[in-house]
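Number of protein chains: 2
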Amino acid sequence: MTLPTFQDVQRAASVLQGIAHHTPIHTSHQLNGWSHASVFLKCENFERVGAFKFRGAYNAVTHVKSDKPVVALSSGNHAQGVALACQLLGKEAHLVMPEPVNPVKRAAVQGYGGAVHTPANIQEAELFAQELLRSVQGEWIEAFNNPFVIAGQGTAALELLAQVEGLDVIMGPIGGGGLLSGTCLAAHGINPEIQVFACEPAGALDAKYSVQENRIVPQENPQTIAEGLRTSVGTLTLPILRDHLSGFFVVEEHEILEAMRFIYERMKLLIEPASAVAVAPLLRNEPELQYKRVGVIISGGNVDLSHYFEGFLGQVI
Amino acid sequence: MTLPTFQDVQRAASVLQGIAHHTPIHTSHQLNGWSHASVFLKCENFERVGAFKFRGAYNAVTHVKSDKPVVALSSGNHAQGVALACQLLGKEAHLVMPEPVNPVKRAAVQGYGGAVHTPANIQEAELFAQELLRSVQGEWIEAFNNPFVIAGQGTAALELLAQVEGLDVIMGPIGGGGLLSGTCLAAHGINPEIQVFACEPAGALDAKYSVQENRIVPQENPQTIAEGLRTSVGTLTLPILRDHLSGFFVVEEHEILEAMRFIYERMKLLIEPASAVAVAPLLRNEPELQYKRVGVIISGGNVDLSHYFEGFLGQVI
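Quick note, the sequences are listed as chains A and B, same order.
When the letters of the first sequence are read in order and numbered with our numbering, they come out as residues 38 to 354.
When the letters of the second sequence are read in order and numbered with our numbering, they come out as residues 38 to 354.
These are calculated hints, taken from the structure and not from any lab test.
There could be a bad hint or two in this list.
Said to hold, decoys possible - These stretches of chain B come out as covered by chain A in the derived footprint (C-beta under 8 Å, 3 or more residues): (1) 78-89; (2) 295-302; (3) 337-346.
Fair warning: this is a prediction, and the values are worked out from it, not measured in the lab.
Backbone N, C-alpha and C define an ideal beta-carbon position, used for all residues, glycine too.
Only chain A is shown next, with the shape it has when bound in the complex (with noise of 0.2 Å):
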């Protein structure tokens, strides 16, 4: 597959006018303050689905032949964003979840009119989606390493860099790279000298190796809250990304944490901790960032509040 370009972002970004959700941008004096910055939050867990994913989905499922159905192998956000774009289009869509899965997930995702299958694991998963593929002729849509997917998660940016003039630096959270290198191929068609900037979790450092070596480090026994980034980067988005990126910001698992319940309580943004790993660098006054207009692109906002809520259910009378 040929690399996806600025073109096919534009391109994406028509696709989904009047689909995906015109995303607002929050801003925070106390963030400012905090990181010496001016910092502009693109706040996909508006988006549809409540993460970026459906941009990504929603155009590569418009690149499906018309009569095949749609398979693809995702316990998160991408399942739902698949699932809903295939809704949309009228095609039919098989969602591989290996367990344990998140019932709040598969509900949403069988709400979108998705067949969901459920193997006992991510290696049952593998072998499980493609026989399924064979046996429905289905068309396959991969999380990350997809050129349409890539392009459509671009469009995020494209939005930002529309909505706020003059960034200095866009930065988002990193796990197989699809936001990122969507997010590179904005930025740099807009404006080469922005810097992209990669921020990835301690315990599932896999990307900036990969960048570093120039080959795909696969994620080994990744430790992280930050449930989506706990994938290692593909073939299509490591040529992106070691061309574009300015360089990368690992968080630990408390800088996570904290970030997120700044969020939550100054902001009043429900976050994932996926995102919080954006802006983790932000609050421990990176120098990279000081004195810089920065957009953080938040990823998306699907936490499980279960716990939040029983805790509640003590007060009800």
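Mind docking chain B on chain A? Use the hints.
Below, chain B without anything else, positioned relative to chain A:
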């Protein structure tokens, strides 16, 4: 004191121009689907200090004589609103916050430069506040029974009506009635046909009885998770409510929690229980709301998240 008017709300809007945040409207396909209505949430959780209370507090503080310190009694959002307003206007602020004081709210008030006084309980707090008022020769700003406070709170609805055309209904939670009486003035100043409904927890049902009986029925032993709604209405708010309200929706505690969870999980908005009180009638399909264009004032987002983040701590390595 004379009752505030629509013109007072308009004047307050000029005073708050460029000072209060012009908060966004959020909508949801799912909320519309469930409620069979078109629902527009006016997100005052994104207001300064995380609640609409900043509007009334700021407007009232601008009317305090220049050399006078301000004294207010509140353990919640009004204390933060007054403290920030005084900081912005260069005035001395004394906040009487009866024990038990939430340490996060206390720190927030102190962060805005307010002097915090913590009497042992609410009875002592009232005496203490009167004493303090005399000793510092200050001016008293009541949390809702003050014409400038009421006019300030009305600016949220004024903005909402400029943001969304053709609303049939506006509703919000009721405690002392400051928000709702200001909302009545704003709504009927723009269009006397708009129906304004007050939403009240069954466990703190004094405002409904007060309006029915046209006298202040005191709040006794309120039992609700919606902290801010445990107060009685006042001599200024009651006559406005009586003359303008179309009615009350009374909601149970489990409905408050369900509405809160819906807004968190589906809309990724962090709101306080009081705000969920005004969403709950939509989720139970109140006949008076179906097939209408309904504006809801989301009052604020100040909730205690300690329990939630403690749950996460267990996952951090």
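Hint-by-hint comparison with the structure:
no.: 1; hint: 78-89; in the structure: holds (count 3)
no.: 2; hint: 295-302; in the structure: holds (count 4)
no.: 3; hint: 337-346; in the structure: holds (count 5)
In summary, the structure agrees with every hint in the numbered list given earlier.
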